[in-house]
Amino acid sequence: MSSAPVSTSSPVDAPPDTVVHVDDLSISYAAGRRDVPVVRGVSFSIRPGRALGLVGESGSGKSTVARTLLAHLRRGSRIVGGRVTVAGSDVFALGDRERRALRGGTAALVAQNAGQALTPSMRVGRQLREALESHGLPGGHERVLELVRHVRLPDPETIVERYPHQLSGGQQQRIAIAMAIAARPRLLVLDEPTTALDVVTQAAVLELVRDLSVELEMAILLVSHDLGVVSAMADEIAVMRDGVIVEHRQTAELFADPQHEYTRELLASAPRTSATGLSAERGGGRASAPPPPLVTAADLVVRYARSLPPAVDAVSFAIGAQETLAVVGESGSGKSTLATAMAGLIPAESGTFTFRGDDGIEGDLTRPVARRSLDLRRSVQLVFQNADTSLNPRRTVGAAIARPLRLFTGSTSPDRVAELLEEVGLTPDFASRLPAQLSGGQRQRVGIARALAAGPELIIADEITTALDVRVQAGVLDLLTDLRDEKGLGCLFISHDLAVVRGVADRVAVMTGGRFVEIGSTEDVFSGPNHPYTRQLLDATLDPGTTVLRGVDDTTRTWRDADGWDDLGDGHRIRRWESA
Amino acid sequence: MTRSTTDATGAALNAGPGGLPGRIRGVATSLTSSLSGSAALTIGLGLIAVHVVLAVLAPWIAGHDPVATDSTVALTGSTWTHWLGTDQYGRDILSRTLNGGRYALLVTFLATTIAVGIGTVLGCITAYADNWFDEVVMRIVDALLAVPSILALLVVVTVFDSGLWVIVLAVTVVYAPAVTRVVRGAARTIITQDYVTAARARGEKPLSIVFREILPNVMDVVLVEYAMRASWIVLLISTLSFLGFGANPPTPDWGLMVQENRTALTVAPLGALAPIVALATLVIGLNLSADGLSKSLGIDRAQKGAVS
Amino acid sequence: MNASIAPTVLLVLRRLATALLTVLLASLFVFFAVQALPGDVAQQLLGQDATPDAVAALRETLGLDQNVWLRYGNWLLGSATGDFGISLVSGEPVGPDLLVAFRNSMLIAVPAMVVGVALSLTLGVIAGVRRGRPSDHTISLVSLIVMSVPEFMVATILVLLFAIAIPVFPAVVLRGDSATVAELLPAVWLPAIVLTLAMAAYIVRTARSSTIDVMASEFVTTAELKGLTTRQVVWRHAVPSALLPTLNVVALNVAWLLGGVVVVENVFNYPGMGKLMLESVFNRDLPTIQAIAVVSALVYVVCNLAADLIALALDPRLRTRRKARS
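Residue numbers (UniProt numbering), protein chains in the order written: chain A, 1 to 580; chain B, 1 to 308; chain C, 1 to 326.
There may be inaccurate statements among the hints.
Listed next, with one range per pair, are the computed distances between beta-carbon atoms [said to hold, decoys possible]:
id : chain 1 : residue 1 : chain 2 : residue 2 : range
1  : B       : T192      : A       : D539      : 28 to 38 Å
2  : C       : L312      : A       : R149      : 25 to 35 Å
3  : C       : L312      : B       : T113      : 34 to 44 Å
4  : B       : T192      : A       : L434      : 28 to 38 Å
5  : B       : V67       : C       : L21       : 42 to 52 Å
6  : C       : L20       : A       : S579      : 55 to 65 Å
7  : A       : R97       : C       : L10       : 45 to 55 Å
8  : C       : L10       : B       : I140      : 19 to 29 Å
9  : B       : I140      : C       : A216      : 31 to 41 Å
Read the hints as simulated data drawn from the structure, not as lab findings.
Cβ coordinates follow ideal geometry from the N, Cα and C atoms, glycine included.
If we strip away everything but chain A, and leave its shape as in the complex, we get (with noise of 0.2 Å):
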């Protein structure tokens, strides 16, 4: 907070070829009696067909600037300083009627989750059209055909006929996108476009947006968390943390060379596909003596109810002692199902899935919780994705790990309390805390230890850092691998990020639609050769730093399943499939 913004493109005078000027602006928030300042002596432009990535972590300011570009501030927030010029004029100054024609149609903005975004009560179709006319523009069925098939959706005839919840999330942000791009905007602002979307169709809807921003010459503002977005699509970049810029840079410069320390730590934590030391480096401890696996798992089939498809589909692998398996898939292909299983929280319908500990525990792990013995139970622990849900908000940390001590060991010492505080990096003093007055990463802590407390022999570690920001995630990575090896867990790691998976997982297992396709240690798998599925999985993946768009399809499937699997050796096997 304290450095000055480290920049070389300084932002000074509007150039006039500009099309967002940002100068000195301050925002605060009116919290209680208080004013939180929470944006800072903000400045920068950006020049038409341009883009400016803006990247921090939550509660940077990033948003809250980014949408002082369409003259909108949260309630209670107020501008102390500064001004915002779009397209020549102060949006803070304008009336009623030129502030409704500078949104949507000077500046449009596409928001995080087009699921919330769009109103639910209306057809799709007529938010189009609306987002036209409100514009003065004639609103036809033809145009609003014409805007769908603009944002490359399939058969638009019958997408504007549906209601946004009958869209996938792909589908839906296209349509926010269609309906930002609507009135021809000279500014388009992104607010974390999509950040709740799979990988794949990540990288399609960042490719559709580059192109039409090309092609409509459109000046582009990019919030994200996401450094690998930022790089893919900006030509500069802006970091943001407490409310102020510390370093704005072009986009090679910036990975390059980052100046500042805030910056630096940042890409530090970032995960990355491209390889990392550490698991090479325990590949190759481990070759000599292959551990007896801890949980063998064959032809599982796991089904929420009789009349669907299974949601994981004859599934075998197997975990050892001490090793990550990590499972990689979009959301649906069933990995949370699996591990949703692995736990005994629904029963799986056929197939062997069992469980064989260092102590001579033995179980079956098709039975349900309420069927599984104590050992069993105390054995096999969960760890959540969402921190925030996961504690219960009326109990102190100490009584949250208290819980399954009392539990599993039948005593609860305050003693051992604090001890696995401080084994996930935390104080003792923790224990009188209330789940509110922790942060994310802390509380993602907190659960790894009342997972710990039960003493297990695998951590089932559900998408765990996916809702932290990124240097927190690299903290709680870091842990879980430090106690993978001190503990000698064995741990299943369900993810989404290829990136993230790299540098935890010993073992890769890549699952769509139910099934694995492809199983290998993460040598292998990342460094191929692999199924098609696994190659759309990487080439969608964008790590810092990378300022291509490889070319990637989310719509048509370009492989079948066929019979059979590939063996390439050292336990990396594919499954056959052949082009569709």
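We have chain A already, so just place chains B and C on it with the hints.
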């Protein structure tokens, strides 16, 4: 990604009234439900507290015997001996008003506590069960809700007389189903939370999950329910008295007082107005508390089907 | 589109079945509760000094000596065809009297309902949209006060103002039970106004808070940032979603209105179902009490059913959800 940060929660908890200037305007606006939760809650609880204190102290501070008649001073206006005047039998209106809340408050307290208690436990259990038991209980609850509450009360009171426990039990039967429904709704959203899943994955007993994980987290909804139901029950009980089915004359009771003094409204308006003001302030206090609670606890009454 | 029709129909059918079950259960409760009351119907009909023989004979004619379930079945079948039995007071069938009382209640309830719902939803939405402004404070304050003052007082004050101080409307209905619609018309105004006020307060408050919720939602912000006018944002985008949580409250209030508005009818001596209810309770006229309870339950269930169906029409998401449970 929008993440609920500690800051946001802290801000929500601290969110107090905005500016101080304009005291009078402040008081006027804080009477409305559009105000910050803590102001409404303070005023609401204050009103309730005043009522409770007055009801407890009534026999000592009233000054007159509330049932003593004196035909020489019937229907006087305000005098030095009778501040609020007298009714047609010469009874002191102030004394009757002060004493008139005792019975209503006691019944309300007992009935609300029992009804909300039963409804809360039943609501949590049915929500967690989510099976045939849930289905059966909810159908019964629906059917009970369909029978008009005032009719049920009237019948019970005429048949069994209007004794304290008869009314308390009747009110409980009438209101427990409604509370069950609301609490069940709140509990169902709690059950989807991961900490309940975590308890299930540990293999905790169902009752332990209901009482340790679910119940503490619906307590905010229950508190709001309590304040709101109490306001209804106060009104219901005075309505019963007004209709002649509740307290028997000459007992001092607000509803009964309004009924008795209604015809003399043009001559001695205070006879009916004093009990009404007393009743209305109590109900406003309860409603403000419900509002304030729901606001400071972050519950939306509308979503929970406030008036079921 | 075809695919979405079948589940919708199923949903509606399921909802209808639940409604029917609720009415049946309610009738069962009412019947057995009334049976459990002390006192003997035959004895009461004949008076205290009737001979035991006469009482026994009447019991047989009334079918009171039959199995209780059989009697329930007969009563239920009778009720379904409008035959609610014989009044213990008048000795006449309950049905026709009840019908007249119900019609009279409709006369004040329907206008109150139409005006009250429209007015209170509008006011609630306005207060929600203009949150924190003077208009919101006024609406909220008035609704809080109206909600906290019992109906018998509102009624009394209105009588004082508009029947005694400024005699515009008659204070009470003098004709009693035999009044025709034309004779009642001048008398419906004050009761209808009291009812409107009483129900409006709750709906205003619910509509206000659900409007505030919806106005804070992302899709409303999106609509705003599309460049729409406030009017378009509110009425096209926010209101359909804001009405959803309000529907149940409206349904409950309407059911309360139609199901006999005891206090108001008592104050105005208005010959509706509420007054009939009071009289029959006072006279322990059990068949009439049973009939009123069942009719009220039916009204309650129909109102809730209507609310659910309107919700289904308002929110397309409800139509495709697998399990739409109450």
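How the hints compare with the structure:
1. Between T192/B and D539/A the Cβ separation comes to about 35 Å, which falls inside the hinted range of 28 to 38 Å.
2. Take L312/C and R149/A: their Cβ atoms lie about 33 Å apart, and the range 25 to 35 Å holds.
3. Range check, L312/C to T113/B: about 38 Å between beta-carbon atoms, so the 34 to 44 Å window is met.
4. Take T192/B and L434/A: their Cβ atoms lie about 21 Å apart, and the range 28 to 38 Å is violated.
5. The supplied range of 42 to 52 Å is met by V67/B and L21/C, whose beta-carbon atoms lie about 50 Å from each other.
6. Judged by the Cβ atoms, the range 55 to 65 Å given for L20/C and S579/A holds: they are separated by roughly 57 Å.
7. Restraint check, R97/A to L10/C: a C-beta distance of roughly 49 Å satisfies the suggested window 45 to 55 Å.
8. Against the hinted window of 19 to 29 Å, the Cβ-Cβ separation of L10/C and I140/B comes to about 24 Å, which satisfies the hint.
9. Remark: the range hint 31 to 41 Å for I140/B to A216/C is upheld by a beta-carbon distance near 37 Å.
When held up to the earlier numbered hints, the structure conflicts with hint 4 and nothing else.
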